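Sequences are here, hints too, so could you generate the full structure?
Sequences listed follow chains A and B, in order. Residue numbers for the first sequence follow full-length UniProt numbering, beginning at 1 and rising by one. Residue numbers for the second sequence follow full-length UniProt numbering, beginning at 1 and rising by one.
If you're looking for bench data, these hints aren't it; they were derived computationally from the structure. Any given hint could turn out to be false.
[To be verified] Below, simulated DSSO-like cross-link-like pairs (lysine-lysine); rule was C-alpha separation at most 30 Å, straight line:
{"id": "1", "chain 1": "A", "residue 1": "72", "chain 2": "B", "residue 2": "77"}
{"id": "2", "chain 1": "A", "residue 1": "138", "chain 2": "B", "residue 2": "265"}
{"id": "3", "chain 1": "A", "residue 1": "26", "chain 2": "A", "residue 2": "72"}
{"id": "4", "chain 1": "A", "residue 1": "117", "chain 2": "A", "residue 2": "72"}
{"id": "5", "chain 1": "A", "residue 1": "134", "chain 2": "A", "residue 2": "117"}
{"id": "6", "chain 1": "A", "residue 1": "134", "chain 2": "B", "residue 2": "265"}
{"id": "7", "chain 1": "A", "residue 1": "117", "chain 2": "A", "residue 2": "138"}
{"id": "8", "chain 1": "A", "residue 1": "134", "chain 2": "B", "residue 2": "77"}
{"id": "9", "chain 1": "B", "residue 1": "77", "chain 2": "A", "residue 2": "138"}
{"id": "10", "chain 1": "A", "residue 1": "138", "chain 2": "B", "residue 2": "266"}
{"id": "11", "chain 1": "A", "residue 1": "134", "chain 2": "B", "residue 2": "266"}
Computed from a predicted structure; not experimentally measured.
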Amino acid sequence: MSIEVCNLVRLAPGTQQRLLDDVSLKVPDGAFVALVGPSGAGKTTLLRAIAGLDGCNSGSVLLDDRPMTSVKDRAGRMGFVFQNYALFPHMTVARNIAFGLDVLPRGERPARSAIAKRVEELLELMQLQGMGGKHPAKLSGGQRQRVALARALATGPRVLLLDEPFGALDPIVRRSIRTWLRELHDTLGLTTILVTHDQEEALEIADRIVVMQSGRIMQDASPQDLDEQPATEFVMEFLGEAVSFSGEVRHGRMIADDALVLPFAVPEGVTDGPITAMIRPYEMTIKKPGSAQDVLSLYAAPRGTRNGYRHYTLQLGERIIPFYRPVEAADAQVQGVALDISRARLFRQGLLCG
Amino acid sequence: MTRYLVWGASWLFILLVLVTPPAMVLTEALKDGLGASLATLSDPDAQSAIWLTLRVSVVAVVLNTIFGILAAWVLVKFRFPGRQFLQILVELPLSISPVVSGLVWLLLFGAQGWFGPTLERWNIHIAFAVPGIILATLFVTLPYVVRTVMPVMEVQGRDAEEAAVLAGAGFWQVLWHVTLPGVRGALLSGVLLTTARALGEFGAVSVVSGHIPGETETMPLHIENLYNGYQSVAAFTMAALLAFMAMSAVLLRSAPDWIARLQEKKA
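Below you can see the structure in the form of structure tokens.
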């Protein structure tokens with residue numbers, strides 16, 4: 001089921017502050033999209049608007065090209081999982097899961113045995129066999145999350161909306177439930193929108209990432225495009241640690257203000273003038289400079305090892321910047337070298353250029 | 001040492017202030033023996049008072065429970081203009097003297113009241129009749145369900161209700177299957193407090209009832225009447241019965257806890 005959001009505007013109640021500022025988004029059938037952004041960016045607001053939980057001041061939400069006006073239109077066709085699970089505490093796991101079927105009008109409601117069978121199926125799918133009789137309070141966080149998922153899927157929706165579903169889980173459970181969720185999405189052929197503030201999670205699980213900031217969509221791209229061509233400085237910063245160098249482009253070469261940074265050739269089309277270069281700490285390398293007068297010393301302080309990279313902090317004039325090197329090369333000389341940042345992305349007025 | 005002192009002082013105070021009066025009432029009631037005491041209850045006026053009190057309490061409890069749930073729900077789950085004011089308004093009966101609350105109804109529906117003469121023409125009696133007593137009791141007992149249910153609904157939040165709505169549940173289904181089960185403890189508490197208060201209300205009812213024995217006399221009014229007429233055994237028997245009814249309502253409040261604890265022990 002495809003989802004389309006057209007020019008959605010939502011104002012904070014009683015004010016002119018725009019929680020969603022003319023947001024448009026197309027999610028094709030079968031896609032797994034992650035909405036990311038800092039808190040207050042409007043990602044949960046957007047998800048709730050798609051679900052119909054909150055209204056909007058203008059714009060529309062289409063489901064398979066059909067406009068959705070109220071929650072009723074969406075009932076049973078969209079599964080929603082809340083950050084804090086929102087299970088019904090007084091009902092058993094089985095009753096929780098069956099809720100969407102139990103509340104159907106008498107004519108449409110499946111027979112009791114059919115509901116019980118569906119609950120069993122879902123329990124098995126969620127790896128919760130034998131838990132049907134328990135109350136949510138007796139379950140662990142990960143189990144509750146899976147019950148919430150089962151409840152959302154009970155009516156067989158084609159769309160799954162997840163609002164920071166892993167926020168309250170510990171890192172190990174988080175990682176395993178993530179992979180498992182992706183598999184579930186693929187097996188059931190769902191269209192999924194996931195809200196998360198954890199960009200790593202988004203990069204790992206989603207086919208497409210929508211970065212939001214102050215109620216607007218800043219970029220909507222695949223994880224790879226997002227990494228290679230972040231649309232703005234904000235996107236670059238948000239998706240991971242980044243170091244920025246201000247400088248100037250002169251005759252097709254970027255000359256950083258920091259003396260220890262080697263000049264490099266910029267892509268064609270980048271005109272002369274002031275510019276900001278941003279780079280990930282692991283993309284920087286150190287090099288012996290070509291001419292003797294450039295020889296300077298970097299002071300690198302080791303800060304431990306992660307994911308095959310040794311972390312350092314570099315004293316670069318006034319500031320201290322992070323710098324990662326592969327463990328194999330870690331003990332190489334850092335005396336008499338300069339920084340090579342030729343893999344940096346270039347920004348002017350906050351926007352990607354070149 | 002200090003702990004025991006405080007502990008002892010608390011108990012002494014509670015015994016003196018809370019336990020002695022009902023105990024005295026019971027002794028006074030049984031002064032001439034159980035038989036004599038029970039005989040006073042078969043008096044027609046006494047029976048009429050008991051029935052009237054029960055009827056008024058049932059109506060007040062049912063109406064205030066329904067209204068209380070809806071009011072608490074609206075106050076907690078929605079933000080609308082005038083919400084703060086409504087919240088204060090709901091608590092009004094707690095702060096106003098019951099006599100004043102009774103007088104208000106007289107001003108509205110009494111013979112010289114705003115609507116009194118009109119209603120009189122249509123032969124509808126509110127002041128000095130049962131409807132007036134019900135209105136006065138409703139007013140006095142209004143805050144209890146709202147106030148006990150509201151904080152629990154506040155904690156409950158909206159997520160579970162929203163999840164239910166998204167699963168396709170309608171308004172009444174959400175209320176019945178999700179909201180109410182989540183607040184049932186508090187609701188029971190509120191209902192029983194309402195009951196206890198409705199049974200015992202004196203001031204407001206006294207003003208609007210007109211004290212017609214056998215017709216508009218509730219148990220508290222009848223007790224006063226008997227006592228003023230030096231029928232102390234009858235007065236105290238009725239008082240003991242009233243106290244017993246109100247106390248069982250309050251004791252019932254803790255019943256769910258006991259049941260839960262018993263079940264836990266078994267498990």
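Structure-based check of all given hints:
Proximity of residue 72 of chain A to residue 77 of chain B is assessed by CA-CA distance (about 19 Å); at most 30 Å being required, the pair is judged to hold. Simply put, residue 138 of chain A and residue 265 of chain B have alpha-carbon atoms about 17 Å apart, close enough for the 30 Å limit, and the pair holds. Distance hint between residue 26 of chain A and residue 72 of chain A is fulfilled; the C-alpha atoms sit about 22 Å from each other, no more than 30 Å. Proximity of residue 117 of chain A to residue 72 of chain A is assessed by CA-CA distance (about 26 Å); at most 30 Å being required, the pair is judged to hold.
Restraint check for residue 134 of chain A and residue 117 of chain A: satisfied, since their Cα atoms lie roughly 17 Å apart, inside the 30 Å limit. For the suggested pair residue 134 of chain A and residue 265 of chain B, the alpha carbons sit about 18 Å apart, so the restraint of at most 30 Å is met. Taken as a hint, the residue 117 of chain A and residue 138 of chain A pair is honoured in the structure, with Cα atoms around 23 Å apart against an allowance of 30 Å. In summary, the hint linking residue 134 of chain A to residue 77 of chain B is supported, as the alpha carbons are separated by about 29 Å, within the 30 Å threshold.
Taking the CA atoms of residue 77 of chain B and residue 138 of chain A, the gap is near 28 Å; set against the 30 Å cutoff, the hint holds. For the given pair, residue 138 of chain A sits about 17 Å from residue 266 of chain B by alpha-carbon distance, which is consistent with the 30 Å threshold. Restraint check for residue 134 of chain A and residue 266 of chain B: the C-alpha separation of about 17 Å stays at or below 30 Å, so the hint holds.
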